[in-house]
Amino acid sequence: MVDSIGIDIVLILLLMAISVGTVITIRLLRAAVGLALVSALLTIVMYRMGAPVAAVFELSVCAGLILVIFISTISLTQRLTPDRIIHVERETLRRFWFLPIIIVVIAVFLSQVNLPVGDAAAPIAQAPPSPMGVREVLWNLRHMDLIGQVIILLAGAFGVLILFKRGK
Amino acid sequence: MATLLIIIPLMCVIVINLPFLRFLRGAAFWLFALFCIFQGAYAVLPLEPSYAITRMLESLFVLHLSLDRLTLLLLFIIALVALTAAVVTREAADDDEDRFRLYNLFFIVVTGLNGVVMINDLFSMYVFLEVAALTSFILIASGGGAEHLEGAFKYLILSALATAALLSSIALIFLIAGDLSFAPVRAAFADNGTFLARFASGLFMCALFVKGGLVLFHWWLPDAYEAAPAPVSIILGGIITKVVGVYTLIRLFTGVFPMGPAFRSVILFMGGLSILAGALLALRQHDFKRMLAYSSISQVGYIILGLGAGTPLGIAGAMFHFFNHAVFKSTLFVNAAALESVLGTREMERMGGLSVKMPWTGGTSLVAFLSAAGFPPLAGFWSKLVIVLALWQAHSYGYAAVAVFGSVITMGYFLVMQRNVFFGKLREGLEFVKEAPFALVAPAVVLSLITIGAGILYGPMMERVFLPIGKFLLNVE
Amino acid sequence: MGDTLIQPVWLYGVTVALLMIVGLYCIVVTSNLIRALIGLEIIMKAVTLLITMVGQLTGNTAMAQSFVITLIVIEVVLMIVAGGLVISIFRKYHTIDVRVLRNLKG
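Residue numbers (the numbering used here), protein chains in the order written: chain X, 10 to 177; chain U, 110 to 586; chain E, 282 to 387.
Pulled out of the complex, with its shape left as it was, chain X reads as follows (with noise of 0.2 Å):
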């Protein structure tokens, strides 16, 4: 059970170090590929903790599609001119390392403070007796969410078609 929780803790201080690491860096292409970093940690953990076709999706999806669309999106905003560079650099730089220092202090104080949760203090609830998969919940139990899922498809590929649309 030691090497368990070993494995976990080593998951989350490699989590939280690169999401800090993504938002203090200077070069919004690093930030980038630092999220995907962080997704691909998170499927680990979703693994483990026993999400598996969820930790899939998570990672073809958010650590490959989204780190897809940030490049794109990066890469049609460059705009920075050499001297630019050095000057919101060294800005940036200074307002930044605030979060590692918060990060710290605060994980010290939580990890102190009794938080009310918990089956003494709150009852949770335990699942239905009889376990259904993932794909039998999706596809007979949450029709309403699929639904949405297609409109919700339907609407981003006509924000696409408008947004770029209006450039021309």
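Just so you know, these hints were derived from the structure itself, not from any lab. Treat each hint with caution, since some may be false.
Unchecked claim - Straight-line Cα separation of at most 27 Å, DSSO-like style, residue types lysine-lysine; simulated pairs:
id: 1; chain 1: X; residue 1: LYS174; chain 2: E; residue 2: LYS373
id: 2; chain 1: U; residue 1: LYS466; chain 2: U; residue 2: LYS534
id: 3; chain 1: E; residue 1: LYS373; chain 2: U; residue 2: LYS263
id: 4; chain 1: X; residue 1: LYS174; chain 2: U; residue 2: LYS263
id: 5; chain 1: U; residue 1: LYS580; chain 2: U; residue 2: LYS466
What the hints assert, rightly or not - Chain U is faced by these chain E residues, among others (derived, beta-carbon under 7 Å):
id: 6; residue: ILE332
id: 7; residue: VAL357
id: 8; residue: ALA363
id: 9; residue: ILE370
id: 10; residue: HIS375
Unchecked claim - To list a few chain U residues with every Cβ distance to chain X over 12 Å, as calculated:
id: 11; residue: ILE565
id: 12; residue: MET570
id: 13; residue: LEU576
All figures in this text were calculated on a predicted structure; none of them were measured in a lab. The beta-carbon is built from N, C-alpha and C at its ideal position, and this holds for glycine as well.
Fit chains U and E to the supplied structure of chain X, relying on the hints for placement.
Below, chains U and E without anything else, positioned relative to chain X:
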């Protein structure tokens, strides 16, 4: 039939966009108008036809939708405002392409809003709230100009933050209740006084405050309302914000989460503060639409006060005001569209004495603002009176006073607006002004007639429509 | 695999809270629109983790996963539209610095 109200608009969007059905593009408006009329008629007279097609569709999609009194009222309001926005689009859109895009988006918005009001599951509600929100961003950005894009982006960030809070609270609710349909959640929260339950529902409430644009959380609203193109403002201010923020509050905090005394005080406080802050800030505005935006914040405060009163009468008043606000605010936004199309500006400083040249716009604006300020015998007077009465009965004398005082300020800024824009002498340079085109005047006239009619018929409307909703939501007989 | 993670549940809860703070800090402090979106994404990740954690705690991993999947789909569409907005803003203003945008608006 409930299923159809979601499937039909979805199908319409897909159909009018199929490449080989190009000829249908011209008919997009009529298709949408037809659907809105159908929805409005159904909301008033919910007959269930038993054609084989409807039965087959219902069995195909097992959607667990419910159609109680509150839902039917909302469906009617949604249809009314959407139809108004569509009619205005005929005139106010930039070109045919723009118009067609707007109709498509309106179809999607109506699908989303219908979903929100008919659903009885928390997570599905989130999904359709996102549909409405996403479509709102696109609608605002469709203006294409710089300020449109900025307004859309700011709204996007704040709305997404609210959504994150909403989802977090949904996760906690799932932890407590094990399922997210209204009935199990209600059962799990019924006698649950734990910190976790209160925190989860409180967080949910705060997220809804942001989405509804109540004060302290309203920062996105004026920019979004002002930046949006004319027909978008109508549908955004007339219905989207209210369904997404206010309907959800009413539905959830009467039927799902228990509204203990702490929550009631918070709701009352937010309502009262919104009334005052919205009204006072509206006084200082020079831009017509921005003033309307702050006025909306104020009027939504009234609806929330009605909810906070906690009695069936309070809820009845709240829903009556919900209806009235949809009607008169839409009228005012139609007037704004008319002014903008004829004058090319929204700065009230540059207007004056237009009632001579634009009698219909001026007249409908007068009716709308009198109703908003609560002038008898228009509808707004009755709904505000009911809310004040409900607060009085619930011993919230302070808030009753706030409601009355808010009315006075509302009268104030609307009077200023009306005088500056319509009354007085015709400002120089405005001789060329004529009345706005038919499509920008007719909806205002129809809506004003509804306001007057609702004012005259307030008795039967309260008896037959709003009071039953109040009693039903609070389980009183 | 299921039991060993219930003990350090507070560990994941704290992680969720910390990630949210990181994301929020990112949005508030940055002057770059794209970085604001990155912050938003980090917050969404935190929510995803929260939902998964809750699924684990209640034992109802199937429901939790379907929530996460739906959430991810919505999140992607949101990001696509947001990215489109940023690109359009860039085309109009030739900058994505919020400070410059605010000055322009006047």
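Going through the hints against the structure:
As the CA atoms of X/LYS174 and E/LYS373 are separated by approximately 13 Å, the hinted pair is consistent with the 27 Å bound. A threshold of 27 Å between alpha carbons decides the hint, and for U/LYS466 with U/LYS534 the separation of about 11 Å falls inside it, so the pair holds. At most 27 Å may separate the alpha-carbon atoms for a hinted pair to count; E/LYS373 and U/LYS263 meet this at roughly 16 Å. A hinted pair counts as satisfied when its Cα atoms are at most 27 Å apart, and X/LYS174 with U/LYS263 qualifies at roughly 21 Å.
Among the hinted pairs, U/LYS580 with U/LYS466 is inconsistent with the structure: their alpha-carbon atoms are about 47 Å apart, more than 27 Å. Nearest Cβ of chain U to the Cβ of E/ILE332: about 5 Å, under the 7 Å cut. The hint holds. Because the beta carbon of E/VAL357 sits about 11 Å from the nearest beta carbon in chain U, more than 7 Å, this interface hint is broken. With a cut of 7 Å, the hint placing E/ALA363 at the interface with chain U holds, because the nearest CB-to-CB distance is about 6 Å.
Evaluation of the E/ILE370 hint against chain U yields a held restraint, the C-beta minimum of about 5 Å falling below 7 Å. A distance limit of 7 Å between C-beta atoms decides the matter here; for E/HIS375 the minimum to chain U is near 11 Å, and the interface restraint is violated. With a minimum CB-CB distance of about 40 Å to chain X, U/ILE565 clears the 12 Å threshold, and the non-interface call stands. No beta-carbon of chain X comes within 12 Å of the beta-carbon of U/MET570; the shortest separation is about 32 Å.
With a least CB separation of 31 Å from chain X, U/LEU576 remains clear of the 12 Å interface cut-off, as annotated.
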